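Engineer: Mapping of the sequence shown onto UniProt numbering: residues 1 to 307, in sequence order.
None of these hints come from the bench; they were simulated from the model. Honestly, I wouldn't trust all of these hints.
Unchecked claim - Here are the simulated BS3-like pairs of lysine-lysine, each with C-alpha atoms no more than 25 Å apart in a straight line:
(1) K266 - K220
(2) K175 - K266
(3) K14 - K65
(4) K266 - K224
(5) K228 - K266
Keep in mind it's a predicted model, so treat the numbers as computed, not measured.
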Amino acid sequence: TQVSLPIASFVIRKRKIDLAANDDDGGVKDLISERPDFIFHLAGVSEEAEYDFDRGYRVNVDGTKKILDAIRAMPRYTPRFVFASSTAASSLSVTGPQGSYETQKAIAELLLSDYSRQGHVDGISLRLPTIVVRPGAPDRTATSFFSSLIREPLIGQETTCPVPLSFRHTIASPKSAAGFLLHAANLTTEQLAITRTMNMPGITLSVNEIIESIARVTGKSALKLIRKKRDTNIERIASSWPQGIDATYALSLGFVPDESIDQIVKAYMDEDLPQIQIQKNAVKHPATVAMPKRMLVKQRSVSGIAA
Numbered sequence: 001t002q003v004s005l006p007i008a009s010f011v012i013r014k015r016k017i018d019l020a021a022n023d024d025d026g027g028v029k030d031l032i033s034e035r036p037d038f039i040f041h042l043a044g045v046s047e048e049a050e051y052d053f054d055r056g057y058r059v060n061v062d063g064t065k066k067i068l069d070a071i072r073a074m075p076r077y078t079p080r081f082v083f084a085s086s087t088a089a090s091s092l093s094v095t096g097p098q099g100s101y102e103t104q105k106a107i108a109e110l111l112l113s114d115y116s117r118q119g120h121v122d123g124i125s126l127r128l129p130t131i132v133v134r135p136g137a138p139d140r141t142a143t144s145f146f147s148s149l150i151r152e153p154l155i156g157q158e159t160t161c162p163v164p165l166s167f168r169h170t171i172a173s174p175k176s177a178a179g180f181l182l183h184a185a186n187l188t189t190e191q192l193a194i195t196r197t198m199n200m201p202g203i204t205l206s207v208n209e210i211i212e213s214i215a216r217v218t219g220k221s222a223l224k225l226i227r228k229k230r231d232t233n234i235e236r237i238a239s240s241w242p243q244g245i246d247a248t249y250a251l252s253l254g255f256v257p258d259e260s261i262d263q264i265v266k267a268y269m270d271e272d273l274p275q276i277q278i279q280k281n282a283v284k285h286p287a288t289v290a291m292p293k294r295m296l297v298k299q300r301s302v303s304g305i306a307a
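Modelling step: build the complete structure from the supplied sequences, incorporating the hints.
Structural biologist: Following this line, the structure appears as structure tokens:
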């Protein structure tokens, strides 16, 4: 029987586990022993996968298998397992491995598919487009600059564009990504009969179209903070990415993409920027910021595993 995930407020309890642990299960068995009905596996390393080969495989491959084996060891237990993969993994079928990260994601997809085929878990792998706008500071991830093009100028900081303005890529907003995860949790097992791995829909556009959107939504003054500085390493990695995503199957199952890049930029300005300012004020003047009381609501069992 398919259990529906309640779309309502629920308690979030933090539990620390170590997917890279060598000597034990890193706390995975203890977490799975609570028998959550839904498991969202978002944990992983991306840029580190290329620079630290061993750690990449320990977390992205061995760590995923560690979770699946803990589930398999539980009698009469087949939870819905939603795995956050990447559209980068889809490039392997055309060009072969161009990086350790996409290779490891593809291996994890195959593991989840086989464990599901054997009846140990009811899994689905979502190949997510590059998520824009990500919170936090820029990192070494090759796709980080897509978020930086929007995020940094809006807080008055300079950023660089490391690829040609004509470069095309597929993106999705954090809100859409969250919607994909929730929708995947509520699909029936019968709907996954064709495949358990699918590309999520996104917006395919050029870097120049992102910059034009920033000008439309925020004004041209923000563009003064974007500098062109080509990075041959990022260009090399970017050239292996799929230039367009076929998400026909996901769309047929009801996954809903963003409407436009303007919508993504506006949502970031309206919803995320104010929160960033509140956090900054809380650090500077902690006594002047009122925090809402915590609300606890009885929930169905849900576990999320994130880095």
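Engineer: Please go over all the hints and tell whether each is borne out by the structure.
Structural biologist: Do the hints match the structure? See the list:
1. Between the alpha carbons of K266 and K220 the distance comes to roughly 15 Å, so the proposed pair stays at or under 25 Å and holds.
2. Between the alpha carbons of K175 and K266 the distance comes to roughly 13 Å, so the proposed pair stays at or under 25 Å and holds.
3. Annotation: proposed proximity of K14 to K65 holds, straight-line Cα distance about 22 Å (limit 25 Å).
4. Note on K266 and K224: the hinted pairing holds, with a Cα-Cα distance of about 19 Å set against a maximum of 25 Å.
5. Between K228 and K266, the direct Cα distance comes to roughly 24 Å. Compliance with the 25 Å bound is thereby established for this hinted pair.
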